[in-house]
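J.: Next come the chains, spelled out residue by residue.
There are 2 protein chains.
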Amino acid sequence: MASEKKLLIGVDLGATNTKIALLSNRARVLARFTFPTASYSHRQALIEKLIYEIDRLLSLNTISFNNIRGIGIGLPGLIDFSRGIVFNLTNIPGWNNIPFKKILEHRLGMPVYIDNDVNAICLGEYLYGAVKGVSNVIALSLGTGVGGGIILNKSLYRGASFSAGEIGHILIDKNGPRCGCGRSGCLESYIGNYAIVRMTREQLKKKPSRILNDLTDGDFNKLTPKLINMAARKGDSLSIRVWQEAGRYLGIGLSILVNLINPDRIVLCGGVSKAGNLFIKSALEALKKYSMEVPCRTVKVVFSKLGDDAGIIGASCLVK
Amino acid sequence: MASEKKLLIGVDLGATNTKIALLSNRARVLARFTFPTASYSHRQALIEKLIYEIDRLLSLNTISFNNIRGIGIGLPGLIDFSRGIVFNLTNIPGWNNIPFKKILEHRLGMPVYIDNDVNAICLGEYLYGAVKGVSNVIALSLGTGVGGGIILNKSLYRGASFSAGEIGHILIDKNGPRCGCGRSGCLESYIGNYAIVRMTREQLKKKPSRILNDLTDGDFNKLTPKLINMAARKGDSLSIRVWQEAGRYLGIGLSILVNLINPDRIVLCGGVSKAGNLFIKSALEALKKYSMEVPCRTVKVVFSKLGDDAGIIGASCLVK
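First to last, the protein sequences are chains A and B. For the first sequence, the numbering used here gives the first residue as 674, with consecutive numbering after it. For the second sequence, the numbering used here gives the first residue as 674, with consecutive numbering after it.
There could be a bad hint or two in this list.
Just so you know, same-sequence chains aren't split out, so a pair can sit in one copy or run between any two.
Claimed, not checked - Straight-line distance between alpha carbons at most 25 angstroms, and here's what the computed PhoX-like set of lysine-lysine pairs gives: (1) K973 - K847; (2) K679 - K775; (3) K947 - K899; (4) K962 - K847; (5) K973 - K962; (6) K879 - K895; (7) K907 - K722; (8) K993 - K679; (9) K961 - K847; (10) K775 - K722; (11) K993 - K775; (12) K978 - K805; (13) K805 - K679; (14) K880 - K895; (15) K827 - K679.
Derived from the structure by calculation, the hints contain no laboratory data.
The shape of chain A in the complex, shown without the other chains (with noise of 0.2 angstroms):
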């Protein structure tokens, strides 16, 4: 029995944190860790640690390689999966063209599957979340980045290069506002944790806010979309207000997958999707006015199941 494959690992490597599980075979999570990211700046360093971290997890679980499937991993960033090359990651500098697969399958001696973060949380939620065999599907992670994974006709569709669903980046207005990648009036520039801020701080400016002054000790530099969203469950018309205003173009980005996609079902991951009713409600009747007909029907805008462990669990599908 012992000699049966049948444990899978899934490594959730972001910008701060890298996750680290064992899961059953049907995704059940039976042991984690997780260790900050940027306490490991150079890519060796990174690399001793995660496969130290794999080896300590399997002794303390007294579990043998011999019983691992697989590694699925899944990076913020542009990554072969078929030759499992890492081209570039956001926000870890060193990680160019790092034939990434090879170096870990050398050293561990078992497969390793490698992928966009959010194409393995969008496989997860296909295998055994929110959209469990919906066959056209798309998922949205909504943080410090807006990424997106696709799914069509049941399986996961990468591009020509590796690099579709780059969301984040469709324009929405070309004068809008700076956004990370260096352009102007992205998405990501209207809806990314850094624009909830950048928003909340311009109003700020116009109108006083209790409520905010009270969560940030005065201190606005220590705003969050997460102390944003607590003062607009508290009432403040101000936080309320830049939820919306951020859910209409959540819903515009919406209209233009619909429009072009028609997908079954979107689905919405990341901690910016946690901001409540104002922002969804928005953030529909923008799609709404914004898609056409028949798309707009067909599509159901639905949550993450997986939640805080779809990154594990959808990396460990990477192996499947």
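With chain A's structure known, arrange chain B on it following the hints.
T.: Coordinates of chain B only, in the frame set by chain A:
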């Protein structure tokens, strides 16, 4: 030999004209006939005319119905390809939920396949034209309407409810001009035929143009994209500016396709795609400006090879 079914019929049913062609199995046009669609305003009359002309095309060429493998028909609207139902047609009233495939198969006694006209064109260009065998392709039809067809992983992608590729109605600017679809600021409201004419008229209010004046005999109601293109070729600075501006909007639309879908090729078809260098140069500059580096480097923008026959050839490909 005569009993081998190796001929095809392709029908391009447009709002203005309906083209019928007899084609070899390798998509060579052997005979053709065109009639004005608008002269048959009642649906039943149009169907009878179509059947009559197909019949006549075969007898004139002494071809028996037994030699025909099937009929493919491209229509400008929302079509359920698998069940053969026309949900609606743009600018041809009276076609709502019509089981067109069944009606024709019953009357003609041979297999009939119907699909959206730009899907058919995309398939034609993929099998015999400018994007032969290319895995991931978007066909963009530029004319009165702006439509799209999408081939992903070497097969037509139609979406969850057959409406994928509504490229003409993705939002470019929420404060933009009114679009024929009832919304505002869609891509079509910047680069469709009416948009080109509207932009030219707006410019003419600010500044006269001797060349446009001559070409229209002073009656600007006669303006067409073709005339505006002629004026631009004659060096008319106003017309040149209009094409450059329209090209910029086309480029923004292309950038959204490229960032989202990461295609290998985009193939431009239809009247406006013949507008020449100014238009395309400006579009490619905007594409480069607004799209991500990797998918932008990957994509090639090419022109239709099947030209005016794209509709009939593409339609005949539906039979395969």
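J.: Next step is simple, just say for each hint if it's right about the structure.
T.: So, going through the hints one by one against the coordinates:
no.: 1; hint: K973 - K847; verdict: between (29 angstroms within a copy, 23 angstroms between copies)
no.: 2; hint: K679 - K775; verdict: within (22 angstroms within a copy, 51 angstroms between copies)
no.: 3; hint: K947 - K899; verdict: within (9 angstroms within a copy, 51 angstroms between copies)
no.: 4; hint: K962 - K847; verdict: both (21 angstroms within a copy, 10 angstroms between copies)
no.: 5; hint: K973 - K962; verdict: within (15 angstroms within a copy, 33 angstroms between copies)
no.: 6; hint: K879 - K895; verdict: within (19 angstroms within a copy, 51 angstroms between copies)
no.: 7; hint: K907 - K722; verdict: neither (42 angstroms within a copy, 67 angstroms between copies)
no.: 8; hint: K993 - K679; verdict: within (11 angstroms within a copy, 43 angstroms between copies)
no.: 9; hint: K961 - K847; verdict: both (23 angstroms within a copy, 13 angstroms between copies)
no.: 10; hint: K775 - K722; verdict: within (17 angstroms within a copy, 64 angstroms between copies)
no.: 11; hint: K993 - K775; verdict: within (18 angstroms within a copy, 42 angstroms between copies)
no.: 12; hint: K978 - K805; verdict: within (10 angstroms within a copy, 41 angstroms between copies)
no.: 13; hint: K805 - K679; verdict: within (21 angstroms within a copy, 43 angstroms between copies)
no.: 14; hint: K880 - K895; verdict: within (18 angstroms within a copy, 53 angstroms between copies)
no.: 15; hint: K827 - K679; verdict: within (24 angstroms within a copy, 34 angstroms between copies)
Violated hints amount to a single one, hint 7; each of the other numbered hints is respected by the structure.
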